[in-house]
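Chains as they are written, first to last, in my numbering: chain A, 63 to 383; chain B, -15 to 238.
Honestly, the hints are just simulated from the structure, not real lab data.
It cannot be assumed that every hint is accurate.
Here's a subset of chain A near chain B, in silico, CB distances under 10 angstroms, partners left out [to be verified]:
| hint | residue |
| --- | --- |
| 1 | N64 |
| 2 | Q65 |
| 3 | L74 |
| 4 | T133 |
| 5 | S178 |
| 6 | G314 |
| 7 | S328 |
| 8 | K359 |
These numbers come from a predicted model, not from an experiment.
Each residue gets a CB set at the ideal place from its N, CA and C atoms; glycine is no exception.
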Amino acid sequence: MNQDIYVVIEHLRGKTADISYLMLAGARALAQATGGEVIAVLLGHNAQSLANNMAADKVLYVEHPALAEFTSDAYQRTLAGLIAGKEPRAVLFASSSIGTDAASVLSARLKLPLISSCQSFSADGRPICQICGGKIMAESDLPDTTTLLTMTPGGYKPEEGQSGKAPDVIKVEAPSLDNLRVTLKQYIEPEAGDVDISKEPIIVSVGRGIQNQDNIEIAEELARALGGVVAASRPVVDQGWMSTSRLVGKSGKKVKPKIYLALGISGAPEHVEGMGESEVIIAINTDTNAPIFNVAKYGTTVDLFDLVPALTEKLREVKKV
Amino acid sequence: MNVVALFKLVPDLVEELEIDQSGTALNTDFLRLIINELDDHAIEQAILLKERSGARMTVIGSDAEGADDVLYTAVAKGADQLIKLMGDPNAVINNHAMARATAIVLKELQPDLILTGVQAHNDLDGSIGPLVAEYLGMPYVGYVSGVNVQNGRIVVRKEYPGGLIAEMEVDLPAVVGIQSAEQPPRYVTVNKVRQAMKTAAIEERPLPALDVSGGAAIRRMFKPESATRAKMIEGSTEEVTARLLDIFKEIGAL
């Protein structure tokens, strides 16, 4: 085993995901503790140019037509050989639709330990993970063998993983990728026609605390009074109370409005990933321990069902004047 | 077609979570457990497949407070077979151990398709689905919000950020990690669940020996200390309303 930290670069349809740069920044912090290099692992087809702005000491590039788009089977096969052959100190994957499809399977296949939902590393290289919807942090020892980790946002910034100097790229031969058990049929674009919440300056967002579909009306009225639009967290969309186009978070849109008013949203990491960079976050939640208060600028534990109608009424009065 | 849905029970996040004296685990004394929400979606998706294609449906979970409720509720919704994995309640367990043990039980059932929630909020060593898949030598696709059986294979809708969907074709047998079912988990009345309790049987199977290798050794657990904690606005509804209006004015929203 060497002391290098590998980062499995995540890219989709020709664009590198922000989480990849964030992982390169995390890998740098870990490499400082282990004394190794930061090595980006890029799998793709005609994708070598994606490596140009990566803050890595080296990039290992695996080129194959079957790696043009992500499929779990092709990634697992390619990475299994590469990790077993190189034996790095650690391999970072994104805690995402792509990274988690690969990481757990590789842990089982290669009999290597896996630590998930890692947000940052301590100065001596211990992974610190965020669990229980952001309510609990867990610090683990880095096991003595090659360790696989999935990374969540929050600990590092994407800019820290970018560089103006293109790193050296070393081509690595792909394994046989015939007879894949998982294949991509097609992409289905998100529904168009609704407002694009990522372009709205004022967002009133509702979470599980809104309790039922009828109550969304009070959020809509507040949004109208403020001149904004409504959005939602995952549980609300999964219940079918609001359209997927209004979903904020890891699987939905990333928004950076001037004001993000979070009504009854607990602030799970998956949600914060989509709204944490809003200019001013105001959280209304009766649970004093809700993690949303760790990212909000202002917060109150007054019941939203009292506060929201009162606020709407006052706004209407003020705006009439 | 044999479809299996796996579930686990997780701490209810609505309750206050406390860290125990060891400092490395949650205090379980007053911990209320509920079904992992995404596993509930996996059960719903399995029922939808049963309704569409006449699959036989089995639900499997390990013994914990509330497991019987989940199993009887599943049978009231349409599940055919209920299995509860019985183990030492004090045993140290992680997802690697659970996946290895579950895979042994699953082998006997010869499932064509295994559905489980793509993640649980207390996963610390990856999620159960992909681990089970690899121990059984099956392909895995996660973050799925729709499954259809077509010509002996499945076509799944895999979610990417921003609402993009990738339609993927997967050979069977396979394991699928569900992000959400095609419709919200259905509601069944307490009466129907009670009726199920009278007629349905839960098969109790001993959990095979647990092997926790592959997980992490937790050194300490703690509650997040935020340097940027929100300024809390206290007071009556009227006072908070007035302060929020001031804030809106300060940031130029009014």
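| said: Under the constraints set out in the numbered hints, which ones does this structure not fulfil? | reply: 1 and 2
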